[in-house]
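Quick note on the working numbering: the sequence shown kicks off at 159 and runs consecutively.
It is possible that part of the hints are untrue.
What the hints assert, rightly or not - Just the calculated beta-carbon pair ranges, DEER-fashion:
{"hint": "1", "residue 1": "Gly283", "residue 2": "Glu363", "range": "29 to 37 angstroms"}
{"hint": "2", "residue 1": "Ala266", "residue 2": "Ser341", "range": "29 to 37 angstroms"}
{"hint": "3", "residue 1": "Ala266", "residue 2": "Pro425", "range": "15 to 23 angstroms"}
{"hint": "4", "residue 1": "Glu196", "residue 2": "Ala266", "range": "35 to 43 angstroms"}
{"hint": "5", "residue 1": "Arg279", "residue 2": "Ala426", "range": "17 to 25 angstroms"}
{"hint": "6", "residue 1": "Leu416", "residue 2": "Asp463", "range": "36 to 44 angstroms"}
No lab work stands behind these hints: they were computed from the structure.
A quick note: this is a predicted structure, and the numbers were derived from the prediction, not measured.
Cβ atoms here follow ideal geometry from the backbone N, Cα and C, with glycine treated the same way.
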Amino acid sequence: MGSTSLHPPLGHGEVLQGLWDAARSDRLPHALILRGPEGIGKYHAARWLAQGMLCEAGPGEPCLSCGPCRRVQAGSHPDLFLVDPPAVGQDRMTIHFIVTRENRPKSAYSGTSIEDFLRLRADEGGWRVVCLRDVDSMNDNAQNAFLKALEEPGENTLLLLTSARPDALLETIQSRTVSVDLSSLSQADTLHILERDAQGPGLEELSQRELLARWSLGAPGKAMMLAESGGVPMRSMIVDLVAGRLVPDEAGPAFWELDGEFPGKTPAAQRRTRARALMDLALEWLLDGRRHAARVPAESLAHGDVLEPLGGVPAGELESCMDCILQARQDVALNLSPEILTERVLRALADLSGHCAAATRRS
């Protein structure tokens, strides 16, 4: 699995320096879970940590000029193994990433497994490092197979796991790893990363990048995902429905025509992903409305800039709308029509507009 050129990960430098210091004094555990909110750069940090372990001058901040650093940057270092299911077209980290099986579905991952990699000695005589992205996507079979690597990693082997949901891992895995907490980035660092790395629609204007930097709450990966999936116009549609500026019969066709990237192996799967994106975004906004009603300052909320239409909505009506969306979210997984489920959600949001209008008349 290849690599790309890396930048020093903003916001995590102090934590990584502490881990390199531990390695230099032979105090670094052989298996770490870098954990924290989704989109804050945990996997990026793991790869930067790995590069610092393999650098000729390491363990420490990578020099970027030695042979090992150049090989890491080129994706050709023989002692670094990256396990990144989305990069090879897979949704989850299945058992086939962990061990080699002769009998596997045609659609399953068929490359080198962790088991195969760990059988080898370090080609360059130093560390061997495995970076695993989003290990909470493993099912129980994959996790049980991974236990052997945790229990018998071999000399000078470092396993770097990342997860936004470490509680989803088996207790046997949690007990055999050491957790390292990574925090959300500052809004300034998030904006800097968007300026430096982000490309494509949704990020052309400074105002869009500033909105997404605030909205993502220090998670540049989430900001880029929101831009790619048309998050800004999608949120405007949700807000306009509740404010009474848009009706479901207009919103439905406009929603399905929104530009955006929605992962899925088939057109039907892509439509389900698009529908889930709408539902998740609507739930986020409604939850922020509930938090604001409970006296949480708007400036501390991701959607604090667009909460005005929810000001007159009774708590009971808000809860009913959220329950409707949650049910629709569950029904998507049952392969019910995403078009019908989306219409249900749009009408539930539009039903709140009467309360918004009543509040406007009273004011």
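Consistency of the hints with the structure:
Checked against the given bound of 29 to 37 angstroms, the beta carbons of Gly283 and Glu363, roughly 50 angstroms apart, lie outside it. Checking the proposed 29 to 37 angstroms range against Ala266 and Ser341 shows it holds: the Cβ atoms sit about 36 angstroms from each other. Between Ala266 and Pro425 the beta carbons are some 22 angstroms apart, a value that agrees with the proposed interval 15 to 23 angstroms. Between Glu196 and Ala266 the Cβ separation comes to about 25 angstroms, which falls outside the hinted range of 35 to 43 angstroms.
Between Arg279 and Ala426 the CB atoms are about 46 angstroms apart, so this pair departs from the stated range of 17 to 25 angstroms. In this structure the hint that Leu416 and Asp463 lie 36 to 44 angstroms apart at CB is violated, the actual value being about 20 angstroms.
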